[in-house]
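Sequence lines, in order, name chains A and B.
Just so we're aligned: 243 in the working numbering is position 243 of the first sequence, and the numbers increase by one with no gaps anywhere.
Just so we're aligned: 176 in the working numbering is position 176 of the second sequence, and the numbers increase by one with no gaps anywhere.
Quick caveat, the hints were computed from the structure, so don't treat them as lab data.
Careful, some of the hints might be misleading.
Unchecked claim - Distance ranges between label pairs, derived from CB positions: (1) A/S205 x B/R90: 54 to 62 Å; (2) B/Y213 x A/T157: 42 to 50 Å; (3) A/V232 x B/V165: 49 to 57 Å; (4) A/Y32 x B/L143: 53 to 61 Å; (5) A/Y32 x B/P140: 57 to 65 Å; (6) B/G118 x A/S34: 30 to 38 Å; (7) B/G116 x A/N29: 28 to 36 Å; (8) B/R90 x A/L133: 39 to 47 Å; (9) B/V151 x A/F280: 39 to 47 Å; (10) B/R117 x A/S158: 31 to 39 Å; (11) B/A180 x A/L133: 31 to 39 Å; (12) A/H278 x B/G118: 13 to 21 Å; (13) B/I259 x A/L20: 53 to 61 Å; (14) A/V314 x B/R117: 51 to 59 Å.
Said to hold, decoys possible - Examples of chain A residues lying across from chain B (beta carbon under 8 Å, computed): (15) L61; (16) L120; (17) A215; (18) P239; (19) F242; (20) F244; (21) V253; (22) P279; (23) F288; (24) P300.
Said to hold, decoys possible - Computed far set for chain A versus chain B, every beta-carbon distance over 10 Å: (25) A15; (26) L110; (27) V141; (28) I151; (29) G186.
If you're wondering where the values come from, they're calculated on a predicted model, not measured in any experiment.
Ideal placement from N, C-alpha and C gives every residue a C-beta, glycine not left out.
Spelled out, the chains give:
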Amino acid sequence: MKGLLRRRVKTAVLAALVILLAIVPLLGNMYYTSVLIVIGIHAMVAVGLCLLIGYTGQVSLGHAAFYGLGAYIAAVLSTTYHINPWLAMVLAVAATAVFAFAIGFPIFRLRGNYLAMATLGLGIIIWILFRELDGVTGGQVGFPGIPAPSIGGFAFTSDFRYYYLVWGFCLAVMVASQNIVNSRIGRAMRAVRDSESASQSLGISSVLVKAKILALSAACAALAGSLYAYYVGFIDPGPFGFLFSVRLVVMAVVGGLASIWGAIFGAATVRLMTEFLHPFGDIDVILFGLILIVVMILSPQGVTRGLADLWRRVSRRLARQAR
Amino acid sequence: MATWQLVQYVVTGITVGSIYAIVGLGFTIIYSVTGIINFAQGEFVMLGGMVAFSLIGLGLPVPIALILSIALVTLVGVVFNLVAIRPARRASTITLIIITIGGALLIRAIAGLGWGRGAVSLPPFTGDEPLSFLGAYVVPQSLWVMGTTAVLMVAFYLLLNRTLVGKALKAAAINRRAAALVGIDARTMSLISFGLAAAMGAIGGIVIAPISYASYDMGVMLGLKGFVAAAMGGFTGVWGVLLGGLGLGLAESLAAGYISSAYKDAIALVFLFAVLLIRSRRLLAGEEET
Chain A
1 MKGLLRRRVK TAVLAALVIL LAIVPLLGNM YYTSVLIVIG IHAMVAVGLC LLIGYTGQVS
61 LGHAAFYGLG AYIAAVLSTT YHINPWLAMV LAVAATAVFA FAIGFPIFRL RGNYLAMATL
121 GLGIIIWILF RELDGVTGGQ VGFPGIPAPS IGGFAFTSDF RYYYLVWGFC LAVMVASQNI
181 VNSRIGRAMR AVRDSESASQ SLGISSVLVK AKILALSAAC AALAGSLYAY YVGFIDPGPF
241 GFLFSVRLVV MAVVGGLASI WGAIFGAATV RLMTEFLHPF GDIDVILFGL ILIVVMILSP
301 QGVTRGLADL WRRVSRRLAR QAR
Chain B
1 MATWQLVQYV VTGITVGSIY AIVGLGFTII YSVTGIINFA QGEFVMLGGM VAFSLIGLGL
61 PVPIALILSI ALVTLVGVVF NLVAIRPARR ASTITLIIIT IGGALLIRAI AGLGWGRGAV
121 SLPPFTGDEP LSFLGAYVVP QSLWVMGTTA VLMVAFYLLL NRTLVGKALK AAAINRRAAA
181 LVGIDARTMS LISFGLAAAM GAIGGIVIAP ISYASYDMGV MLGLKGFVAA AMGGFTGVWG
241 VLLGGLGLGL AESLAAGYIS SAYKDAIALV FLFAVLLIRS RRLLAGEEET
């Protein structure tokens, strides 16, 4: 009974979220629309990171690299080689996922601190490649003239149209992630997170599970990256560096490390803080640092989970008092 | 290929390698005593250079400014330990990684706000007239860097082996629980290790600033290279870190000279993967499953 009620509440909240998201661009405020497009793109990367950190227990401090790979591969294929942007997007996602899966095997021989440092290094190496392979990527000058995708004669050129494209993809990624978490591999992920040796004794190949999730997580990031490239039409190495990798961790932490829908909340919080505070200097980044420290001390599962726990405790106490 | 060129690269390599060794020693101290990899280690180095720059700018005599800036950065390390590490003592590895990353972000952003985005430089300790050595030019500051590193390494070795505090640190590093049983407080040891590591980082940042400048965003790369040095040394003892740092510095400088300076940082990353993968089994042996 209680479970049913909770599920109904959850469905109602999600429906409200979807309706709200559908209405925003109709208000005609270009600024809100563009901010929400970026939030949708970031949320996709953040949810991938949640799958990896929150559900599988493996940290990545280089996730911006996968986002960048998606953006650059899609941009180069569609612009330099005139491949259809949709096909370029599919290829970018597939190539990034395969790359992530392949590096998953050596990299997941490492654990904890060493894994974190290796992913940090990987992110920096790929960022250096974006910067130095200027014949392909345009280097620090940037890569201009990326086309917008279109269906038939309907081109996703305006923010209004692009908004629905991004959020369509974003919600699809969320639903798919939710299903994955509740599936067989989802249980395997949590088993690996909670005890690697116990999961192995049950016949789960922990390295394989981790490599698969890294590939999936990288695919989410690459999808978001290609959408970003098509949206802005111009990319340079700037947004794909170490700082964005940490920003993604902040999104995951704020959204709740093991929470799929929380990723949207995390991405929105981080983006809005940057929108409002960045004009005054790096105040947003200072707050991100503080958030990471404070949240990890008070509620290592992330903000949303911490609030949920608090709510449960308070309501239980209230119920007891009522009795 | 001229000899003087090779000598020049080797001198440069040993100079920067010394700094990596100093940063790596900071990683080693904290890791061996607490099991934490401090992702904010590079930020202590950056702070050392920056704070010294400001204090000298205030008109303090250089030696006093330098000592004061080491003290201030040490204080930052101690405060960081008290407010961010101590409250999370029983946390998982991932939690602690995210906490120290948060610290790195915080320190870096505050530095970017306070000192701006430009690079700052310190005056060389004793003039900038280059000396000639086997046809290569050596700035006197290079000798300061090498000398400081040598003194630091020896001092640290003596601290660990000849003083009570050092022996307590060593005991905590060998077995935290057994150390606690004989009355060595793990929290105090953690505090001391962060203070020492911060001081170490600050000294490194100060001696290198006259050569390679200091800027708010130098911490990540420098931290990563220090980590490589520490990992090559196996996170134990002084001499392994020194060799690791020098080796990395030399490789980097030779590669930049003979191959391409664009990929200078990539060399360190290749070293990172090599050392992590080759030594993964040994490194992980000390780390319990999380």
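How the hints compare with the structure:
no.: 1; hint: A/S205 x B/R90: 54 to 62 Å; result: violated, 30 Å
no.: 2; hint: B/Y213 x A/T157: 42 to 50 Å; result: holds, 45 Å
no.: 3; hint: A/V232 x B/V165: 49 to 57 Å; result: holds, 55 Å
no.: 4; hint: A/Y32 x B/L143: 53 to 61 Å; result: holds, 60 Å
no.: 5; hint: A/Y32 x B/P140: 57 to 65 Å; result: holds, 59 Å
no.: 6; hint: B/G118 x A/S34: 30 to 38 Å; result: holds, 31 Å
no.: 7; hint: B/G116 x A/N29: 28 to 36 Å; result: holds, 35 Å
no.: 8; hint: B/R90 x A/L133: 39 to 47 Å; result: holds, 45 Å
no.: 9; hint: B/V151 x A/F280: 39 to 47 Å; result: holds, 43 Å
no.: 10; hint: B/R117 x A/S158: 31 to 39 Å; result: holds, 35 Å
no.: 11; hint: B/A180 x A/L133: 31 to 39 Å; result: violated, 52 Å
no.: 12; hint: A/H278 x B/G118: 13 to 21 Å; result: holds, 19 Å
no.: 13; hint: B/I259 x A/L20: 53 to 61 Å; result: holds, 55 Å
no.: 14; hint: A/V314 x B/R117: 51 to 59 Å; result: violated, 45 Å
no.: 15; hint: L61; result: holds, 7 Å
no.: 16; hint: L120; result: holds, 7 Å
no.: 17; hint: A215; result: violated, 19 Å
no.: 18; hint: P239; result: violated, 15 Å
no.: 19; hint: F242; result: holds, 5 Å
no.: 20; hint: F244; result: violated, 12 Å
no.: 21; hint: V253; result: holds, 7 Å
no.: 22; hint: P279; result: violated, 13 Å
no.: 23; hint: F288; result: holds, 6 Å
no.: 24; hint: P300; result: holds, 4 Å
no.: 25; hint: A15; result: holds, 33 Å
no.: 26; hint: L110; result: violated, 6 Å
no.: 27; hint: V141; result: holds, 15 Å
no.: 28; hint: I151; result: holds, 41 Å
no.: 29; hint: G186; result: holds, 19 Å
The structure shown violates the earlier hints numbered 1, 11, 14, 17, 18, 20, 22 and 26.
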